Amino acid sequence: MSQTVFAPWNDPDVKPLIQFKNVTKRFGDFIAIDNQSFDIYAQEFFALLGPSGCGKTTMMRMLAGFEKPTEGTILLAGQDIAPIPPNKRAVNMMFQSYALFPHLSVWDNIAFGLKRDRMATDAIAARVEEMLKLTRLEKFAKRKPHQISGGQRQRVALARSLAKAPKLLLLDEPLGALDAKLRQDTQFELMDIQEKTGTTFVIVTHDQEEAMTVASRVAVMDHGRIIQADTPARIYEMPNCVYVADFIGDVTIIEGRATKSGDGYDIAYAEGQPTLRATTDKSFENGQTCHLAIRPEKVTITAERPEGAANAVQGKILDIAYLGNLSTYHVELPTGQIIKSQIANTRRLSRRNFTWEDTVWLSWTETAGVLLEG
Amino acid sequence: MRRFALIAVPYFWLLALFLVPFLIVLKISLSDIALAIPPYTPTLDFSAGWEGFKAFLGALDLENFEFLTTDDLYWKAYLSSLQIAFIATVATLIVGYPIAYGMANAPDHWRPTLMMLVILPFWTSFLIRVYAWVGILSTEGYLNQFLLGIGVISEPLTILNTNTAVYIGIVYTYLPFMILPIYSALERLDASLLEAAEDLGCSRITAFWLVTVPLSKNGIIAGCFLVFIPTIGEFVIPSLLGGSKTLMIGKVLWEEFFNNRDWPVASAVAVILLLILIIPIILFQRNEQKQREADG
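These protein sequence lines map, in sequence, to chains A and B. Quick note on the numbering used here: the first sequence kicks off at 1 and runs consecutively. Quick note on the numbering used here: the second sequence kicks off at 1 and runs consecutively.
Because the hints were derived from the structure by calculation, they are not lab data. Given the structure is predicted, the values throughout are model-derived calculations rather than measurements. Positions of the beta carbon are idealized from the N, C-alpha and C atoms, including for glycine. Honestly, I wouldn't trust all of these hints.
[Claimed, not checked] In silico PhoX-like cross-links for lysine-lysine, where the CA-CA straight-line distance does not exceed 20 angstroms:
id : chain 1 : residue 1 : chain 2 : residue 2
1  : B       : 27        : B       : 54
2  : A       : 167       : A       : 15
3  : B       : 290       : A       : 144
4  : A       : 142       : A       : 115
5  : A       : 144       : B       : 76
6  : B       : 76        : B       : 217
[Unchecked claim] One side only, chain B facing chain A, incomplete, derived with CB under 8 angstroms:
id : residue
7  : 32
8  : 35
9  : 200
10 : 201
11 : 215
[Unchecked claim] Here are the in silico distance ranges between beta carbons for each label pair:
id : chain 1 : residue 1 : chain 2 : residue 2 : range
12 : A       : 30        : B       : 191       : 46 to 56 angstroms
13 : B       : 214       : A       : 151       : 48 to 58 angstroms
14 : B       : 206       : A       : 151       : 22 to 32 angstroms
15 : A       : 68        : B       : 206       : 14 to 24 angstroms
16 : B       : 109       : A       : 35        : 30 to 40 angstroms
17 : B       : 214       : A       : 223       : 49 to 59 angstroms
18 : A       : 314       : B       : 191       : 27 to 37 angstroms
19 : A       : 53        : B       : 146       : 26 to 36 angstroms
Please build the complete structure, drawing on both the sequences and the hints.
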C-alpha cells in the first residue's frame, strides 16, 4: 500500500494557488513586508509564524484585501487580486476576535455571507445546516454569540468563514483566545475540517507548536521577511539559520570555528577543549565562525563517559526543569557554556539518576547537531 | 439599616421634589377658579380640624378635566405637540446621526475636541441661544441677508414665526441629546465587524445598514426619546420662534396660567401632559434596561 505524500511544492508541474511576486508593503517609513516572493499551493495548510510585528498579519490582510501591496503583485489562481475589493474575493477570513455579529443568532451569522450572494432560501438553509453539522453546533443555532462559550464562538467563526466555500481561508490567530486543553482539541478539529473540505488554509500564529501541529508547511517570518518556509519536520531538523533554530523549539547553540576533517567538520568552541564533530551538506572555510545547534532531546546524559561517542563533554548539572513527562537538564561545562539535555521520565521521580550539582557526561552523534553559518 | 439610609436619600429627594409638587398640582387641578390669592378654592384650613378637611375634600371635583374635553383647543394642542415633537425628533436624528458617525470615526486625538464642541453650547443660556435664532431667521436676519447677498433668492424668506423656525430651534437645541448616545454606541462598535461583513460579501453601504445601524439601535432609541420627551412640553422655542399658528401644549399651558390666570385649568392641562409623557418615558426606561442587560 503506497500513499502519495502531499508535497506539491516539490512538483514543478503543479501551479500554485497563490503567488507573491516581489511584494513590498510600507506603512509610511516602516517596511512591513520586504520584497517577498513565495507560493502557496491548493489544499495546503500554510502557517505564517513569527513574533508580533514580523509582518505576518499584514501578509494575511493583503490576501483578504484589507491592505494593498505597495509594490509587487499577488496572484490568486493566476489572477492579480490587487484591484479586487475584499467583498468580491473568493477568500474568507476568520478574525482573531472572531468578529461575530452580536445582534444575529449563530444561524444568521453563518448565513450572513450566503445571503449576500442572493442564494435561494432553501439552498442557504441547507448550507447552514451542513456547516452547523461540520462544526457540531446544531444545538446552538438559535443562540446569540454572547450566549455561547469561547470554544463554540470559535467554531461559529470558522463555520461562517467556510460557509461560502472560499478558495482560500485565512485564519488570524484562530486559537489564541482558547485555553491550552481546548486549543489542542481544536487544532486536530481544524486539520480534520481542512481535510474534509479540501480548502486551502493560511493560518497566522505566533505559537510555534500550533504551527507545527496543523500546518503542511510553515513559513518563519522576522522583520517583514520569510526566513524559511518548509515542512514542520524540516524546519525543526534542518533550520537554515540560527534565528529559525532558536525560534522553533528548544535548542543549545554553541559558537565555534569549523575545520574540515574527513567527511565532517571539527568545531573548536573553546580554548584547550577537545573539538566537537558534526557533519553537514554545507561547506565552511577553515577557521570560519559557525554555530552548532543541538536539540536537547538528541543529547544523552550519562554518569560515565560513553564508549565511542562522536561528541562527549563533561559538566555539572545546574538546573533541572521538570515537565512531567520530560525533564530538561541544564548542564554547565567548565568553560561556562550551558548545554541542554532532555530525557523522558520513564522512571518515577524518586528514582531519578541525577540531581543538582552532579557531574555528568553529555554525548551526541555526528549528525545530531546542525551546523549553521555565523 | 445602612442600606435603608442609603436608599432613603434618593427616595426622599423624589418625594420632596417630584411627588409632593405633583400632588399640589393635582390638587389645584381639582379645585375651582377664584378671585383670590391664591386664585383658586378651596384652600386647606388646618384650624378647622377634621371637619374642615372633610369639607375641603368634598369641594374637589373633576370639572376642569371635563372642561378640557369640551374645548377642541386642548386636544388639538396635544396632538399638534406630538406631531411637532415627532417630526423634530426625526429631523434631529437625520442631522445627528452623521455627526455622531463622523465623531466615532475621527482619529482618536480629535475625539475629545469634537465632543467638547458638541457640549460647548450648553455653557451659554438656552434662552439667549434661542433668541439668537430670531436674529438669524427674521426677515432682515443674517440668513436672508446672506442668501440675498449671494443671489440665491430675490425676496426674503419668511422663516421666523413659522413651524419651520420651531423645527430649526428644536433640532439645534436638542442635537447634543441625540448625538451623545449614538456616538457612545458607535464608538464601542468593533471595527473588525465591518471588515468581517465586507469579507463576507457586503459593500461598504450594505455593511453600514446590516451591521452599523442595528448595533447603534439602542443609541438611536435613547437619543430619540431624549429629544421627543422634552420637546412635547417645549414652551420657549414655539413662543419665541413659532407664529400664532404654532399650537403646542406648553404654550397653551403658559397662557392659561399667566394670561387667563386660570390655575385649575392650567394644572389639569399639566396633569394630562404628564400622563401622556409617562408612556414614552416607560418605553425609554425599558430600552435602557435592555441595553444594560445586553452589556452585562
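Tested hints:
1. B:27 / B:54: holds, 14 angstroms
2. A:167 / A:15: With a Cα-Cα distance of about 14 angstroms, the restraint between residue 167 (chain A) and residue 15 (chain A) holds, given a limit of 20 angstroms.
3. B:290 / A:144: Holds, at roughly 15 angstroms.
4. A:142 / A:115: holds, 17 angstroms
5. A:144 / B:76: Violated, at about 45 angstroms.
6. B:76 / B:217: Outside the cut-off at roughly 32 angstroms; violated.
7. 32: violated, 55 angstroms
8. 35: Interface hint status for residue 35 (chain B): violated (62 angstroms vs cutoff 8 angstroms).
9. 200: holds, 3 angstroms
10. 201: holds, 3 angstroms
11. 215: At about 6 angstroms, which falls below the 8 angstroms cut-off, the nearest Cβ of chain A leaves the hint on residue 215 (chain B) intact, so it holds.
12. A:30 / B:191: 46 to 56 angstroms: Given about 20 angstroms between the Cβ atoms, the range is violated.
13. B:214 / A:151: 48 to 58 angstroms: violated, 26 angstroms
14. B:206 / A:151: 22 to 32 angstroms: holds, 30 angstroms
15. A:68 / B:206: 14 to 24 angstroms: Holds: the Cβ-Cβ distance is about 22 angstroms, inside 14 to 24 angstroms.
16. B:109 / A:35: 30 to 40 angstroms: Hint holds: Cβ distance 33 angstroms, inside 30 to 40 angstroms.
17. B:214 / A:223: 49 to 59 angstroms: Check failed, 41 angstroms falls outside 49 to 59 angstroms.
18. A:314 / B:191: 27 to 37 angstroms: violated, 59 angstroms
19. A:53 / B:146: 26 to 36 angstroms: Given range 26 to 36 angstroms: violated, Cβ gap about 54 angstroms.
In terms of the numbered hints stated before, the structure departs from hints 5, 6, 7, 8, 12, 13, 17, 18, 19, listed from lowest to highest.
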